[in-house]
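A.B. asks: Take 1 as the starting number for the sequence shown in the working numbering and just add one per residue.
I should point out that these hints are in silico values taken from the structure, not numbers from a laboratory.
For glycine and all other residues, C-beta sits at the position ideal for the given N, C-alpha and C.
Be aware that a few hints might be false.
[Stated by the list, open to error] Beta-carbon label-pair distances, calculated as ranges:
1) Asp76 <-> Glu42: 29 to 39 Å
2) Ser39 <-> Asn75: 26 to 36 Å
3) Ala69 <-> Leu36: 17 to 27 Å
4) Arg55 <-> Arg26: 11 to 21 Å
5) Met72 <-> Asp32: 24 to 34 Å
6) Thr25 <-> Tyr63: 27 to 37 Å
7) Gly70 <-> Arg29: 25 to 35 Å
8) Met72 <-> Ser41: 31 to 41 Å
9) Asn30 <-> Gly70: 26 to 36 Å
10) Pro31 <-> Met72: 17 to 27 Å
11) Gly66 <-> Ser39: 12 to 22 Å
12) Pro22 <-> Leu74: 15 to 25 Å
13) Asp76 <-> Pro53: 31 to 41 Å
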Amino acid sequence: MVIPRSQAVLHERTRRLGLAWPFVTRQTRNPDVVRLSSSYSEAGTEVIVGVRPQRARWRCIGYRDGTTAGIMSLNDEGSM
Numbered sequence: 001m002v003i004p005r006s007q008a009v010l011h012e013r014t015r016r017l018g019l020a021w022p023f024v025t026r027q028t029r030n031p032d033v034v035r036l037s038s039s040y041s042e043a044g045t046e047v048i049v050g051v052r053p054q055r056a057r058w059r060c061i062g063y064r065d066g067t068t069a070g071i072m073s074l075n076d077e078g079s080m
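All chains should be built: construct the whole structure from the sequences, respecting the hints.
C.D. replies: If you want it as structure tokens, here you go:
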């Protein structure tokens with residue numbers, strides 16, 4: 001069965017989004033993580049998630065090969 005390109009791209013985006021959550025959860029030691037936005041490209045998918053009820057913003061990039069990078073807080077740590 002051949003998967004249409006649009007479905008294949010959607011599947012790849014969804015897979016990359018799923019990669020980010022466990023890493024952010026582990027980094028923040030908090031399971032309350034919600035996707036706020038994502039930006040797909042051939043190079044990688046940038047995922048912005050909110051952590052805790054305050055939805056503190058974190059960034060992660062998921063790559064096609066299953067790796068992730070750029071897990072970092074986007075918040076002013078001095079105000080937290």
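A.B. asks: If a hint holds in the structure, say so; if it doesn't, say that too.
C.D. replies: Cross-check of the supplied hints:
1. The hinted window of 29 to 39 Å between aspartate 76 and glutamate 42 holds, with their beta carbons roughly 32 Å apart.
2. Restraint check, serine 39 to asparagine 75: a C-beta distance of roughly 19 Å breaks the suggested window 26 to 36 Å.
3. Distance hint for alanine 69 and leucine 36: a CB-CB separation of about 19 Å, consistent with the stated range 17 to 27 Å.
4. The beta-carbon spacing between arginine 55 and arginine 26, approximately 18 Å, falls within the hinted interval of 11 to 21 Å.
5. At about 18 Å, the CB distance of methionine 72 to aspartate 32 disagrees with the hint of 24 to 34 Å.
6. Between threonine 25 and tyrosine 63 the C-beta distance comes to about 19 Å, which lies outside the given range of 27 to 37 Å.
7. A hinted range of 25 to 35 Å is violated for the C-beta pair glycine 70 and arginine 29, which are about 19 Å apart.
8. Range check, methionine 72 to serine 41: about 18 Å between beta-carbon atoms, so the 31 to 41 Å window is missed.
9. Range check, asparagine 30 to glycine 70: about 19 Å between beta-carbon atoms, so the 26 to 36 Å window is missed.
10. Distance hint for proline 31 and methionine 72: a CB-CB separation of about 19 Å, consistent with the stated range 17 to 27 Å.
11. Against the hinted window of 12 to 22 Å, the Cβ-Cβ separation of glycine 66 and serine 39 comes to about 19 Å, which satisfies the hint.
12. For proline 22 and leucine 74, the Cβ-Cβ distance of about 19 Å falls inside the hinted range of 15 to 25 Å, so the restraint holds.
13. Distance hint check: the CB atoms of aspartate 76 and proline 53 are about 18 Å apart, inconsistent with the given range 31 to 41 Å.
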